[in-house]
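K.L.:
Got chain C sorted already, so can you dock chain G onto it with the hints?
Going down the list, the protein sequences come from chains C and G. Just so we're on the same page, my numbering is the position in the first sequence counted from 1, plus 663. Just so we're on the same page, my numbering is the position in the second sequence counted from 1, plus 663.
The hints are simulated quantities; they were obtained by calculation from the structure and are not laboratory data. Being a predicted model, the structure only gives us computed values, none of them experimental. Worth double-checking, as some hints may not be accurate.
Stated by the list, open to error - From chain C, some residues computed to sit far from chain G (all C-beta separations above 10 Å):
(1) R665
(2) Y685
(3) E688
(4) A729
(5) D795
(6) G801
(7) G858
Claimed, not checked - Stretch by stretch, here's where chain C covers chain G in the computed footprint (C-beta under 8 Å, at least three residues):
(8) 676 to 683
(9) 790 to 804
(10) 892 to 902
(11) 906 to 913
Ideal Cβ positions, reconstructed from N, Cα and C, are used throughout, including at glycine.
Protein chains: 2
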Amino acid sequence: MRILLTNDDGIQSKGIVVLAEYLSEKYEVFVVAPDTERSGTGHSITIHVPLWMKKVFIKEGIVAYATTGTPADCVKLGYNVVMKRNVDLVISGINKGPNLGMDILYSGTVSGALEGAMLGIPSLAVSSASFDAPDFEGAARFLVEFLEEFDFSLLEPFTALNINIPTGEIKGWKITRQSKRRWNDFFEERVSPFGERYYWMTGEVLEDDEREDVDYKVVREGYVSVTPISPFLTNERCYVVLKEVYPGCTG
Amino acid sequence: MRILLTNDDGIQSKGIVVLAEYLSEKYEVFVVAPDTERSGTGHSITIHVPLWMKKVFIKEGIVAYATTGTPADCVKLGYNVVMKRNVDLVISGINKGPNLGMDILYSGTVSGALEGAMLGIPSLAVSSASFDAPDFEGAARFLVEFLEEFDFSLLEPFTALNINIPTGEIKGWKITRQSKRRWNDFFEERVSPFGERYYWMTGEVLEDDEREDVDYKVVREGYVSVTPISPFLTNERCYVVLKEVYPGCTG
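Bound-form chain C, shown alone (with noise of 0.2 Å):
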């Protein structure tokens, strides 16, 4: 199997070397990745400039590069020019911290799994739920398992999965929901020495949605949360409703 592996917090992250470490002891692993941290690109691509490559060194056997672009450019980069179109799986992680929720809105990590997805590669996005101690040997190991365990065939066209992995002993996995936890921003602002106002952004986490089989609330639990995503945002029930209103040509 020829593994794709792509992040978001850059190539020389500990999340994606210990598991392209872990993936090469079973499988062709190739790492294209971004050369610094891209957090918070969401689904970002470069078009206005082109993108450049280097050949990094990670371990003996992977092959790896370091590019100027996201994660989605990584994933398109490493598909069309790297592994020359013969991908069998995309891996975006093992990113630091948790990808919950609408917060997967604002994820390179799950953006980079969306991309493989729509490239019609079966795509995971893995993250280790927690930011101040990550466990990425923990979490790599599970992937590895999991790997094995799972029925790919069962995921549908353009389909991809977000998996989110607690710290500690892990319970087994469960097949979830994206919630909609969400954030409550705030504005700090400050005053620059030169007298121009500017903004940080913070906030507190939203977390009420009612439903059991949510994400964040199996991580919370222990287990790991499996939520198969696609790059598909229509609002079915709410198309059926405008339709019923708005059948035909209107206006």
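P.N.:
Chain G alone, transformed into the frame defined by chain C:
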């Protein structure tokens, strides 16, 4: 009605200026938009550096700020700082060129509207569906009428509308689904004067959706496409299938 206006083409672009002028005849308009073009930034946000805002002049009676952030940042800043959380509608656009199919994941314009939806505000992304000859006046006229016609109480929480307006004669508007329209990427390899290789991303569009009521087909037929979209990526069909095979805790 207090409207927050943003875009990804930048505050100096014709699309947002024309729309601000049209809307300001009926509504209170606040423009908070990127200081330069941010096409292809997707749902990226600024987390490691602070954000700057500068008051700019568009027209008497319109409050306008240029920011160093992305469209999603602009919506957060506009909502929290400029408009003090008193926003009735978020509009992102008018974008130069269409936002159809999977492209909406890459689009800063659509992400601006999604960010509004994530804040619980009815939100619209608006695009003139021609790169070469966008018709901002025609699109703005359509939008002003649409705001009177459309029943916003039908929108679920956390739902935006992605609106693509064809140029030329408009036959009316139709409720649509996001298509699987996507790109077959190519990379053109070049060598710098210093002997280093770099890559330009190009590609061709794939339009093979079998369904009738999808965004790009409706636009091609001369109708405005109106797609209800949400930041929830769970593939519900796949969730049901996986939950049947893996009902409880596994592993």
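K.L.:
Out of the numbered hints, which ones does the structure contradict?
P.N.:
8, 9
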